[in-house]
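Chains as they are written, first to last, in the working numbering: chain W, 1 to 214; chain D, 215 to 428.
Please note that the accuracy of each hint is not assured.
[Claimed, not checked] Each pair of labels, with its calculated beta carbon distance range:
id, chain 1, residue 1, chain 2, residue 2, range
1, D, H263, W, G27, 48 to 54 Å
2, W, R181, D, Y410, 17 to 23 Å
3, W, D132, D, L262, 49 to 55 Å
[Unchecked claim] Sample of chain W residues facing chain D (criterion: CB under 7 Å; computed from the structure):
id, residue
4, G13
5, I183
6, G195
7, E204
8, S205
Everything labelled a hint here was simulated from the structure, so no lab data went into it. Please read these numbers as outputs of a predicted model, since none were measured by experiment. From the three backbone atoms N, C-alpha and C, an ideal C-beta is built for every residue, glycine too.
Protein chains: 2
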Amino acid sequence: MAVRVDLNISLDGFATTTDQTPDNPMGDDWSRLVADYVATRTFWARVLHDTSGEGTTGVDDSYAKAYFDEVGAEIMGAGMFGLHNRGDDPDWKGWWGDEPPFRCPVFVLTHTAPRPSIDMLGGTTFHFLSTDPRTALDEALEASGGGDVRIGGGATVVRDYLAAGLVDQLHVAIVPILLGRWIRLWDDLRGFEAGYDVTTQSAESGVTHLTFRR
Amino acid sequence: MAVRVDLNISLDGFATTTDQTPDNPMGDDWSRLVADYVATRTFWARVLHDTSGEGTTGVDDSYAKAYFDEVGAEIMGAGMFGLHNRGDDPDWKGWWGDEPPFRCPVFVLTHTAPRPSIDMLGGTTFHFLSTDPRTALDEALEASGGGDVRIGGGATVVRDYLAAGLVDQLHVAIVPILLGRWIRLWDDLRGFEAGYDVTTQSAESGVTHLTFRR
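Chain W on its own, in the form it takes in the complex:
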């Protein structure tokens, strides 16, 4: 039962973008950050539900497969669920589609009024919590059925958990582009590496996969 993070960041440490709009909720920068992940066979099958065999099968795909292994519950911020743009719509079920890829309980952290939980196709249930990171983690661990808990994003939520010392395994896919703006994953984390072992692996795409484990 490890607490995990898997995140795509730019070389200069940015993990979200400034150019999100209701019509393009991911933004162009975000699309570039996740392009090599989105190109993997695992992403095509798990997220796009296309099992025709499309997609890359190299190093990036091996990390994409590991992304979904052993995760029994997920925690994400309101922005990652999609509350920020349509939070005033009580019927809004987020932008992950009818059958989200999580297939487990997902705890959405929000400062706005509580919402009822939502059961989605494929085993994902969204729960909405207004609480501190530690309490949300306890609830997710309880719901994970002995599996890992992933802190999914965005960058601010991830950094809160990193800074609180609550993350056992941090995997970042470092994309060799400079975004130069928005939220810096690494802010205020001086010395984070203490107590962790680190491994790095270069993918064919130019992405570097770096993992801290304790």
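Please arrange chain D on chain W, whose structure you already have, making use of the hints.
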């Protein structure tokens, strides 16, 4: 005749440290940034003048060897030469020792009064310039005898040259530590990757070598 940069940075993009003192001019953080480079056989031979065969011979050493290839002139900031701590001493020859590893003309950028050039053992001559990056580069290219010109550091000088579009090859050795303070190499370089090809290679040490070339 390419213009090159080779720099060690932390995972969060810091290339210099806050804890420099006259007694410890490199600082503890800097020592951690360059530890795997300093451990290479090439560093032992070229910088420490110890050719007994000490030092690592893996991926980090292959980059250390390339560091000295083809460079016909070097440009560095006053801090890298060592002017900031002892600039008021006219006899101070910097902290690179009697036989610096450069073995070529080195142009030191300084805002203080011009100094006479200094001939060192082994072929290094330090020249002192108070001018803009482009003019200094022209002078270095002229002096390089057809070789490459390296922008040696520190981070501020390197960033000036990167931002001016004057660098043909940028190699960073990314060390998996978070320093969290001082000068960010990547500030204000959004979109720098455009026009460059990128390669990445993971070293046994955990360092990632990333190179932009155009």
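Okay, the hints, checked on the actual structure:
1. H263(D) <-> G27(W): 48 to 54 Å: Cβ of H263(D) to Cβ of G27(W): about 53 Å, so the range 48 to 54 Å holds.
2. R181(W) <-> Y410(D): 17 to 23 Å: holds, 20 Å
3. D132(W) <-> L262(D): 49 to 55 Å: holds, 52 Å
4. G13: holds, 6 Å
5. I183: violated, 13 Å
6. G195: violated, 12 Å
7. E204: Nearest chain D Cβ about 10 Å off; hint violated.
8. S205: Interface hint status for S205(W): violated (9 Å vs cutoff 7 Å).
Going down the numbered hints, you'll see the structure goes against 5, 6, 7, 8, while the others check out.
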